[in-house]
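Enquirer: Each chain, written out:
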Amino acid sequence: MAEDNILEVRNLQKHFNLSNNRVLKAVDGLNFAIKRGETFGLVGESGCGKSTTGRTIIRLYEASGGQILFNGEDVQKMSGEKRKKFNRDMQMVFQDPYASLNPRMTVGKIIGEGMEIHGLYSGKEKKERISQLLRDVGLNEEHASRFPHEFSGGQRQRIGIARALAIEPQFIIADEPISALDVSVQAQVVNLFKKLQKDRGLTYLFIAHDLAMVKHISDRIGVMYLGKLVEVATSDKLNAKPLHPYTQTLLSAIPVPDPDVQKQRKRIIPQGEIPSPLNPPSGCPFRTRCPHAMDQCAATMPPFKEVEPGHYAACHLL
Amino acid sequence: MGKPILEVNNLRVSFKMYAGEVQAVRGVSFTLDKGEVLAIVGESGCGKSVTAQTIMRLIPSPPSYIKEGSSILFDGKHEISKMSESQMQNIRGNEMGMIFQDPMTSLNPTMTVGAQISEGILKHQKKSKSEAMKRASELLTLVGMSNADERLHQYPHELSGGMRQRVMIALSLACNPKLLIADEPTTALDVTIQAQIIDLLRDIQEKTETSIILITHDLGVVAEMAHKVIVMYAGKVVERGTLEDIFYNPRHPYTWGLLRSVPRLDSDKNAELDSIPGTPPDLYAPPVGCAFAARCPYAMKVCKEIDPEHFHVNDGHSAACWLNHPEAPEVEMPVGIGRGAHG
Numbered sequence: 001m002a003e004d005n006i007l008e009v010r011n012l013q014k015h016f017n018l019s020n021n022r023v024l025k026a027v028d029g030l031n032f033a034i035k036r037g038e039t040f041g042l043v044g045e046s047g048c049g050k051s052t053t054g055r056t057i058i059r060l061y062e063a064s065g066g067q068i069l070f071n072g073e074d075v076q077k078m079s080g081e082k083r084k085k086f087n088r089d090m091q092m093v094f095q096d097p098y099a100s101l102n103p104r105m106t107v108g109k110i111i112g113e114g115m116e117i118h119g120l121y122s123g124k125e126k127k128e129r130i131s132q133l134l135r136d137v138g139l140n141e142e143h144a145s146r147f148p149h150e151f152s153g154g155q156r157q158r159i160g161i162a163r164a165l166a167i168e169p170q171f172i173i174a175d176e177p178i179s180a181l182d183v184s185v186q187a188q189v190v191n192l193f194k195k196l197q198k199d200r201g202l203t204y205l206f207i208a209h210d211l212a213m214v215k216h217i218s219d220r221i222g223v224m225y226l227g228k229l230v231e232v233a234t235s236d237k238l239n240a241k242p243l244h245p246y247t248q249t250l251l252s253a254i255p256v257p258d259p260d261v262q263k264q265r266k267r268i269i270p271q272g273e274i275p276s277p278l279n280p281p282s283g284c285p286f287r288t289r290c291p292h293a294m295d296q297c298a299a300t301m302p303p304f305k306e307v308e309p310g311h312y313a314a315c316h317l318l
Numbered sequence: 001m002g003k004p005i006l007e008v009n010n011l012r013v014s015f016k017m018y019a020g021e022v023q024a025v026r027g028v029s030f031t032l033d034k035g036e037v038l039a040i041v042g043e044s045g046c047g048k049s050v051t052a053q054t055i056m057r058l059i060p061s062p063p064s065y066i067k068e069g070s071s072i073l074f075d076g077k078h079e080i081s082k083m084s085e086s087q088m089q090n091i092r093g094n095e096m097g098m099i100f101q102d103p104m105t106s107l108n109p110t111m112t113v114g115a116q117i118s119e120g121i122l123k124h125q126k127k128s129k130s131e132a133m134k135r136a137s138e139l140l141t142l143v144g145m146s147n148a149d150e151r152l153h154q155y156p157h158e159l160s161g162g163m164r165q166r167v168m169i170a171l172s173l174a175c176n177p178k179l180l181i182a183d184e185p186t187t188a189l190d191v192t193i194q195a196q197i198i199d200l201l202r203d204i205q206e207k208t209e210t211s212i213i214l215i216t217h218d219l220g221v222v223a224e225m226a227h228k229v230i231v232m233y234a235g236k237v238v239e240r241g242t243l244e245d246i247f248y249n250p251r252h253p254y255t256w257g258l259l260r261s262v263p264r265l266d267s268d269k270n271a272e273l274d275s276i277p278g279t280p281p282d283l284y285a286p287p288v289g290c291a292f293a294a295r296c297p298y299a300m301k302v303c304k305e306i307d308p309e310h311f312h313v314n315d316g317h318s319a320a321c322w323l324n325h326p327e328a329p330e331v332e333m334p335v336g337i338g339r340g341a342h343g
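Read top to bottom, the protein sequences are chains A and B. Residues in the first sequence are numbered consecutively from 1, following UniProt numbering. Residues in the second sequence are numbered consecutively from 1, following UniProt numbering.
FYI, nobody ran anything at the bench for these hints, they're computed from the structure. You may find that some hints are simply not true.
To be verified - Computed cross-link-like contacts, SDA-like style, restricted to lysine to any residue with a CA-CA straight-line distance of at most 20 Å: (1) A:Lys263 - B:His227; (2) A:Lys263 - B:Lys207; (3) A:Lys198 - B:Lys207.
With the hints as constraints, model all of the structure from the sequences given.
Expert: Below you can see the structure in the form of structure tokens.
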């Protein structure tokens, strides 16, 4: 494992067993690594397995196969003290700021709970830490005695971020942290994420479906489709020269807020819909919607290979 | 463009609540011509959905009240704000159609797709059941669903989100409405499906020349579909104009803020995104003066005291901001807006 990788995911699988012996392969063979201090964006449409990936990495789900290495250690083999340390080092910010905060706890209690569990701070020191955290995320210390329902969506998301930061993690998984927010508030929260990263040297796994926002915050981006990674590249490269037809489609489908550009550009309107992950197509998962699909695509899954240095894609055309 | 299909004049809608009166819409006026697509943009709580739902009289009263002096003139002859429920039932689904945001919850789960589409046709048109079903099948084909005859017998839960939104569009078009209100029609959909649905709506609009009110917070969707735009903030129209006016020559700081908070695919990654600081005002007690003043970086003394009227910029383009007053200081439009900003 490379020295500067904080997280390495090797052939990660998460299969859900459903009734009638059906198996839903939500995540099916992912390989990627995240460097210390960077932001790795994971994008894809609903049902592609991006949230399941995040939840499996932090062990909200147990993986069905593959390895997750955090700071060089196998996460799934951790137990006891090690597991507790891992829980401290990795935290999560959830999508829905309305559902992810306990409505019966004050903000101060929500933020302080982790500190108590991990025995970090108590008494006056804890109170001071909570005030400090609230200020860091752009709220103020009087907010500690209030309840979640007294806050707007953007403010709640700030509380969720403060909770994640409370136990001083190294790594934060943010699962669609801005998609429930208004555009102008989205920008506020993204700026906060960037500022906190700069101040605290955090590493982010940023999961979202909005490629424009992900591109803005991420250093590198992975694109998922039906449980598989189809492309990984730096965000600039992915935008300038997307290699996989799915990435090209995804980029082209984003409406540009500029009428002139809109009129001129040629768009790839994707055909059809995402197939059911219960019954995925043979070979390449994207072949049923791909404008370049060939016979070979139905036969075999294209290998995930390094096309250019640091730019990976899984497509038979490459 | 012919005569207006809809004229809304000084529309004011309030909700009487236990804690007081929420002034959700505070004097909205606009006209919509035949065959035109008007986008209403703004953040949650700005009153855009209440405006749209009031045009269809979908909000129960109480708690909502259309205030004295409001006027909604539809098709030059129907004064919507004064109509009774039974009069509205002849218009709703017949001359006006609506596409809701959430296709998961706005279709009836216990009725087949065919039954839901033909329900409106049977109510409003003198057609037999089999004729209505035939029309339903044609509509499903029009909205791009294959095997339309089979789909008629399916239930909503058997369809994907994109397919349900197509059913909803078919449903809203069933009686060839003159006006279609689309309330966040693509917000719940994935981006590739969104592209398909926008394409479909545009195609249908061109074919049928229906007038559309498009409510959205996504400026990208606006740029793809709309002819005219009104920007709403805290229950008021703060700027109105053509698509080009709003995107290339916006005159209200709130419009600037909205345009600048959208990340562009080619924007500088290291730069901070421009956000609008603060949150919208409480509509239980709207502020005196301009409602945006508290968040506006250009706010002057007058802004906090007197609410600005609309200043005329050019034909059809106006903005409710004191900066457009002849005696106001010159303020340059911030960078990142205007023609060519998106390379």
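Enquirer: The structure should be examined with respect to each hint, and the outcome stated for every one.
Expert: These are the hints, each one checked on the structure:
1. A:Lys263 - B:His227: 13 Å, holds
2. A:Lys263 - B:Lys207: Within the cut-off at roughly 19 Å; holds.
3. A:Lys198 - B:Lys207: 53 Å, violated
Consistency note: the structure conflicts with earlier hint 3 alone.
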